[in-house]
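What follows is each chain in one-letter form.
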Amino acid sequence: MRNFVSERAQSIPPSGIRKFFDLALTMENVISLGVGEPDFRTPWNICESSIYSIEQGTTSYTSNKGLPSLRDALSRYLGQHYNLPYTSSDEIIITSGVSEGLDIAIRSVIDPGDEVAIAQPSYVSYAPCVTLSGGKPVPVRCTEKDRFKLSPEALLEQITPKTKALIINFPNNPTGAIMNGNDLKAIADIVIDKDILLISDEVYAELTYESTHVSAATVSDLWERTITLNGFSKAYAMTGWRVGYLCAPKELCDAALKIHQYIMLCAPVMGQVGALEALRSAEEDKNSMVNEYRLRRNMFVAGLNRIGLSCHVPEGAFYAFPSVKETGLSDVEFAERLLKEHKVAVVPGSVFGVGGEDHLRCAYAVSRKDLSEALGRMETFISGL
Amino acid sequence: MDEKDLELLRILEENSRLSADEIAIMTNLSKADVENRVHALEAAQVIKRYSTVINWERAGNGEVSAILELKVSPERDYGYDRIAERLSRFRQVKTLRLMTGTYDLQLVVTGKNMQEVSRFVSENVAPMDRIRETTTHIIMKSYKENGHTLFEQQEAERLPYSF
Numbered sequence: 001m002r003n004f005v006s007e008r009a010q011s012i013p014p015s016g017i018r019k020f021f022d023l024a025l026t027m028e029n030v031i032s033l034g035v036g037e038p039d040f041r042t043p044w045n046i047c048e049s050s051i052y053s054i055e056q057g058t059t060s061y062t063s064n065k066g067l068p069s070l071r072d073a074l075s076r077y078l079g080q081h082y083n084l085p086y087t088s089s090d091e092i093i094i095t096s097g098v099s100e101g102l103d104i105a106i107r108s109v110i111d112p113g114d115e116v117a118i119a120q121p122s123y124v125s126y127a128p129c130v131t132l133s134g135g136k137p138v139p140v141r142c143t144e145k146d147r148f149k150l151s152p153e154a155l156l157e158q159i160t161p162k163t164k165a166l167i168i169n170f171p172n173n174p175t176g177a178i179m180n181g182n183d184l185k186a187i188a189d190i191v192i193d194k195d196i197l198l199i200s201d202e203v204y205a206e207l208t209y210e211s212t213h214v215s216a217a218t219v220s221d222l223w224e225r226t227i228t229l230n231g232f233s234k235a236y237a238m239t240g241w242r243v244g245y246l247c248a249p250k251e252l253c254d255a256a257l258k259i260h261q262y263i264m265l266c267a268p269v270m271g272q273v274g275a276l277e278a279l280r281s282a283e284e285d286k287n288s289m290v291n292e293y294r295l296r297r298n299m300f301v302a303g304l305n306r307i308g309l310s311c312h313v314p315e316g317a318f319y320a321f322p323s324v325k326e327t328g329l330s331d332v333e334f335a336e337r338l339l340k341e342h343k344v345a346v347v348p349g350s351v352f353g354v355g356g357e358d359h360l361r362c363a364y365a366v367s368r369k370d371l372s373e374a375l376g377r378m379e380t381f382i383s384g385l
Numbered sequence: 386m387d388e389k390d391l392e393l394l395r396i397l398e399e400n401s402r403l404s405a406d407e408i409a410i411m412t413n414l415s416k417a418d419v420e421n422r423v424h425a426l427e428a429a430q431v432i433k434r435y436s437t438v439i440n441w442e443r444a445g446n447g448e449v450s451a452i453l454e455l456k457v458s459p460e461r462d463y464g465y466d467r468i469a470e471r472l473s474r475f476r477q478v479k480t481l482r483l484m485t486g487t488y489d490l491q492l493v494v495t496g497k498n499m500q501e502v503s504r505f506v507s508e509n510v511a512p513m514d515r516i517r518e519t520t521t522h523i524i525m526k527s528y529k530e531n532g533h534t535l536f537e538q539q540e541a542e543r544l545p546y547s548f
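Chains as they are written, first to last, in the numbering used here: chain V, 1 to 385; chain X, 386 to 548.
Everything labelled a hint here was simulated from the structure, so no lab data went into it. Warning: the hint list may mix true and false statements.
What the hints assert, rightly or not - Derived EDC-like pairs (lysine to aspartate or glutamate); straight-line CA-CA distance at most 16 Å:
{"no.": "1", "chain 1": "V", "residue 1": "Lys164", "chain 2": "V", "residue 2": "Glu224"}
{"no.": "2", "chain 1": "V", "residue 1": "Lys258", "chain 2": "V", "residue 2": "Glu210"}
{"no.": "3", "chain 1": "X", "residue 1": "Lys479", "chain 2": "X", "residue 2": "Glu454"}
{"no.": "4", "chain 1": "V", "residue 1": "Lys369", "chain 2": "X", "residue 2": "Glu420"}
{"no.": "5", "chain 1": "V", "residue 1": "Lys162", "chain 2": "V", "residue 2": "Asp193"}
{"no.": "6", "chain 1": "X", "residue 1": "Lys389", "chain 2": "V", "residue 2": "Glu210"}
{"no.": "7", "chain 1": "X", "residue 1": "Lys389", "chain 2": "X", "residue 2": "Glu420"}
{"no.": "8", "chain 1": "V", "residue 1": "Lys369", "chain 2": "X", "residue 2": "Glu407"}
{"no.": "9", "chain 1": "X", "residue 1": "Lys479", "chain 2": "X", "residue 2": "Asp514"}
Could you build the full structure based on these sequences and the hints that come with them?
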């Protein structure tokens, strides 16, 4: 029999944490700092409105772009909160999570042979999605020295005549780094000068602690060449609802819509109804969750530094990204032994691409009690090395 | 009273057993600053006391609680204050509020058993001057107290790892 698996599918490397995952499932009493989702339940007003809509029989397809009421509300929200001028009729598509938004964004702009620069460490799906489009992912290293911001010098080094797009994600998963207006301005100059497209995944925008998130499309003249991705998962604790959105100028949005209508048709209507309620009434719930993450971050990062894992203070998202260099172990060894010997699950930084080696991603979206228990176990582990 | 004070209050309302050290780290304040602010809030009676949310049903002491609605004739010059203050002195009265609507004072009272509660209502409260009418509702079960749910909630299942 032939091997039916496509070359593209074959070229995608297996998940970097499969063995950890399988191991953790066989263990009991594991404290997991390995999750990329809030530990809070979805605020009840959101659940209630979705349940009610199901009772009312709202169970059909929506328009491809998503419920008009949700797009209207989003358009207003983005304008008020981030100064983003996307029109609800032509420039917003509701997607099944940011994951789908990312896929259709890349597929609508990348041809075989195109290079796509990716600021790394980064979320794990960017490079595979580029590969699946026939493009070539080109990592751009963000370093601890720059507090994991994307530096213009590092970006320039990786740009070639074939570079079609740049993917960034700030606040960043896994480093918690953010980019302020000036940081983005320096990147914008290059992106405009080299005539490339920017794909900006801003799903952690609401989780910015000391400052206000600056949306990339509002910087310089980036708007016309930016696809903004965002969603409800992180800010409203709605990961399982699968609701995200893609925003872009009309021509780009139309191209993405062609793909979206064939692969997804529309995002699940129950999720869209919940998302609308989130915008209408969950501002306070969101703020109190963000506030709690900030308290946990301060506590956890101070704890990491105290036990000898040096860690910058992440200004966004809910991840701490400490270095394990001092311990003499690699990030993979550290994470594996920490799980096996002390039952704390963290993700080795190298899973997130260049720049992630010798670091760990620790999600602090867990209770303060579990965070301090995890710190205690990590301290025991380190002092026994 | 500034933003930091409000933050301290929210933290303490949720868990008053945190040490000044722990709170200092979480809020980026110095330990001394936390202690001074908390002392000031205590002195100003913004912080009244530190107590514990207890699920008495689970503790199994069999106490009975009731909500009392009282219609009261207010007094010239004092309104409801004097009668409300007198009522609050009873050990059995846990909560007392002046309400808008069809009655005036709302009380939460507790007793060892139903007899004790009804004796308290009929012998101590109802005969007081100016109380025109009482309605007593026995609390059958508490689902939420002061922002804390008291029923079992299933742990949501989360994957050990996700990106």
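Cross-check of the supplied hints:
{"no.": "1", "hint": "Lys164(V) <-> Glu224(V)", "verdict": "holds (15 Å)"}
{"no.": "2", "hint": "Lys258(V) <-> Glu210(V)", "verdict": "violated (39 Å)"}
{"no.": "3", "hint": "Lys479(X) <-> Glu454(X)", "verdict": "holds (14 Å)"}
{"no.": "4", "hint": "Lys369(V) <-> Glu420(X)", "verdict": "violated (22 Å)"}
{"no.": "5", "hint": "Lys162(V) <-> Asp193(V)", "verdict": "holds (14 Å)"}
{"no.": "6", "hint": "Lys389(X) <-> Glu210(V)", "verdict": "holds (14 Å)"}
{"no.": "7", "hint": "Lys389(X) <-> Glu420(X)", "verdict": "holds (13 Å)"}
{"no.": "8", "hint": "Lys369(V) <-> Glu407(X)", "verdict": "holds (12 Å)"}
{"no.": "9", "hint": "Lys479(X) <-> Asp514(X)", "verdict": "violated (21 Å)"}
Hint check: violations occur at hints 2, 4 and 9; the rest are consistent with the structure.
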